[in-house]
Every structure is written in C-alpha cells, then in structure tokens.
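Protein chains in written order, with the working numbering: chain A, 1 to 199; chain B, 200 to 498.
Don't take each hint at face value.
Unchecked claim - List of simulated lysine-lysine pairs, BS3-like, C-alpha gap at most 30 Å:
#1 B:490 <-> A:119
#2 B:336 <-> A:165
#3 A:178 <-> B:421
#4 B:442 <-> A:110
#5 A:149 <-> B:336
#6 A:134 <-> B:336
To be verified - If you want a taste of the chain B side facing chain A, the calculated C-beta under 7 Å gives, among others:
#7 354
#8 358
#9 360
#10 362
#11 366
#12 375
#13 378
#14 379
#15 380
#16 383
#17 390
#18 448
#19 450
The hints are simulated quantities; they were obtained by calculation from the structure and are not laboratory data.
Glycine residues also receive a C-beta, built at the ideal position from the N, C-alpha and C atoms.
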Amino acid sequence: MKRMIVFTLCLFIISGCSNSTQSTIQAEKENHSHDEETVDPSTTKDYSDFDAVKDAAIKEAEFAEDLTEEELAFAKKIRPLHFDLKTMILRMSGTGVLFLTGETDEAAVKNIIAEADEKLSFVESELSKIEPPKSMEYVMLAYNEAIPKYQQSIQLFSQYFETNKKEYLTQYSELTNKANADIKKVIFDMWSDELSPPN
Amino acid sequence: MKRITMVITLALTLLLGSAVSASAAKKENYSIKLLEYGGIEGYPKSGLVYGAHNQGTTYLPFFYNLIQSKDQNILFDIGFRDDQEDKQKDWVKLFNVSKSTMEGPEEILNKVNLTPNDIDKIILSHLHYDHAGNIDKFPNAQFYVQKEELDGWVTSLSLPDKVREWVWLATDIDHINDLLLASSEKRVTLVKDDNFEVAKGIKVHAAKGHTFGTQALTVETKKGMYALAQDVVYTYENATDYKPLGLGLDNLEQLNSIHKVNNLVNGDINRIIPGHDIAVFDKYPTKKVGKNRIVTIVD
C-alpha cells in the first residue's frame, strides 16, 4: 500500500512537471512564430552587400546640413539653455514631490528654489547675448516669452511651501505648464530627438 | 486488500485535489484586462529587442492594464496624454504614424463601463511620458511610483549636459507637475520596499534597467499568479531569450529584472504579460471595441 501511495504521488509530480514543460515549450514556439510573422520582409536588409546597405542608409538620413552656418551656430547656443530650463523646472517639481511624500526636508526645497533662481538669471543673461538669424527669430521669441513665466513660477512655488496654500501650487503648475508650452513650441523644429518614442 | 488500497488511493487523490481548490478559493478574485489605447505601425524590431537591427518592423501596441475586483479598480500605467488640441502632443506627428488610433482615458474606460473617477489606484511602471501621462485625469486615484525612479530622475539632472539630455529624452515636464499636485493631496506613494503590497494579492516588484526605478506587478487570480511587466519585458522574446530591450538606461540591470520576472512566475512564460507584444492578441480572447482592442487575460 505504501508503494501505491508513493506511486500515486510520483504520478502527480511527473504529470505536473511534464505539463508545465510542454506548455512552456509550446508557448516559446508560439512566441517565436509570432516574432517571425510580425517582421515585414520588405523592410529587412540584406547585410551580405554591406556597401549597398550603407549607401541606402546615408541617402535616407537627414542631416543638420540643411541649416545655414548661422542657424547652426544659433542652435548650438540655444540647445544647452533649453535643457537648463527643462532641468530647472523638473528639479523643482521633483524635489517638491519628494518633500510632500516625506522623502526630503525643507532645506532641500529651499536649496532648489535658490538654485532655480540662479539658473534662470544665468539663462536670461545668456539669451540676451544671442542674436538670432532672421529665420529663427521665432525660436528666440519662444524662449524670451517663457522666462518671465518661469520667474513668476519660482515665486509661486516658494509661496506654497511658505504658506501651505494649495492655490499657489495650482498656479505654479499652470504657469510652468504655460512656460513649458512656450519652449516646446519649437521642439519639432529644433529638438525633435527629445520626443523619440521611448515605449 | 486491493480494494482497500484503491479506496485509500482515491481518498488521497480527492484530499489533494480539494486542498488545491481550497487554496485557489482563498485567492482574490481579480480580473485582468489589457486595454489597448493606440499603437505604432512599422516600429523597428530593434527598438524592442536588443540587437535585432536587421529584423524589420512590427506593429507596436500600447496598453493600460486594468485589474478589477468587486471592490477595486486598479490601473497599471495610464498611457500617453491625449490632447488633440495641443499640437505638441500630437500622437500622429510624434510617432510618425499614418493613421491615429489614439484614445484617451475616458474613451478607453468607457468601454469597460468605468470613468477615470472610478479608478482607485494607479501603479506607474515608470515615468516615461507614454506610461505616466494623464495623471491629472484621475482625481481620486492613489499613485504608486518607485522612490528610486523619482530619485533617479531628479539626481540625473545634475549629470553633465550631454548625458542628461539623452537620459531625459522621454520625459514630459508637465507630468512631473501633475505628480506634484497629486502629492500635495497625499495621493502619491513612493515605494521603497521590494514586493510591496498595493492591495491584497497585488505586489509591485522593483525591476530597474529600462529606467532608474521601473517596476513590475504580480497579481494573484483564480487562475494563478500573473506578472504584468509593461516595459520590463516588451515582448515574450525578451523573457525567453534573455535579450535586453531596444532602449534602456542599463542593459545588465534589464537582464537582472527580466530574470526576476521569470522567477516570480517560476519560469512559466505563459504567466508573463509583456508590455508591447502583439502576440497577446492571439494568445488571449481579444475583441475590438472602437478603434482599439481589449484583451482578457483573466475574466
């Protein structure tokens, strides 16, 4: 009888394992067949002729050489300032979340406000030194419109943490979003790589 | 003697069987549905699987994961912000798709007889803009984000200019502001512990690599446990072949996280729900409602 029980238990275990292994193998087969089906053969490149593939890729690529020298020089000056602004506001909001969830202290909030003030003054000063080419005056205008909104946003952020009144935070969010919209107006023309699909 | 042995064996079998069903009965009765909210035609396979540079293109679906019990409605990720008036958030232009199938939270949830106000909890797998958009559309939800994710984004801003530019490519400033407003209403939980239980039978698992603090989710159902992976595992191939995704901050961490998800379901690939694989449409019951599909993993 003991043998019978042991035999039954063994059967249970073996059948369980075998089912699970079979289903995993089956699933893998299914998954890989899906992978193959999903590939559009017309887009698959034949790398046996590497030079031909390379030439085709170069033809397809779009380069910044469409810009004039003046435009390119302007873009190179503006790009770091664009990211300075984006960084500044993200650091402020991110630190705000950390503070409100109890993950950082008031000193960190004060530091970030001082840092943002300093950064904004720097960006404003750098922008004033840049002379845009005629074709890119609209880009310059977008940044110049954003600056006063960011300045006021910092004050609202500061006021919220001093008074704990929600309306200041709501106004901060609305105003920074407007300022962000200003600098994002030119994203498609200037920094399209910023919006690559990340998944 | 033979008869007695047979009877005992049968009784034992029944006992074992009832023990298994009793354990199943204790599980929470969660349903899991994938709500497709859009997708990209002709997405390069290399974006999904590391090294697949010559393997053509595929359709890339995007999903909210809806987990429901009789008491709770929980979403795992809330997609891209649907703002057709805002040209900066023009789905077609952003993703270079010929025909937009984009639907917003109201439309998507209406298909399952819900509104954004009905959502109790939202777990954000990470803070990329196509997963953490729409925060402002869910006024009653409690949000769960890994603390490491937020810390990572904030500290990475101190990196050298050229480095942080790349790191920050896929993050929308507006979403962080939305998270700030939700924090002021005590609706944001920064998760610090691994295997943190968000609701009975639902746990989040730190699974970084794609971003600083990406997280996966396990859900216990009447059919057993499922791991919802979103961007920890884009496609089944990532999990079966141990290949990192096409995009990630750290490939080694990605593989460790893929291994972790595999371990969470004891290596059973059928228990993993990837974030962007069209295979789910054939693998599970799927129906098209409106512009997109609903996939039922567990009813």
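**OP:** Hints the structure violates: just list their numbers, smallest first.
**Re:** 1, 3, 4, 6, 7, 8, 10, 11, 17, 18 and 19
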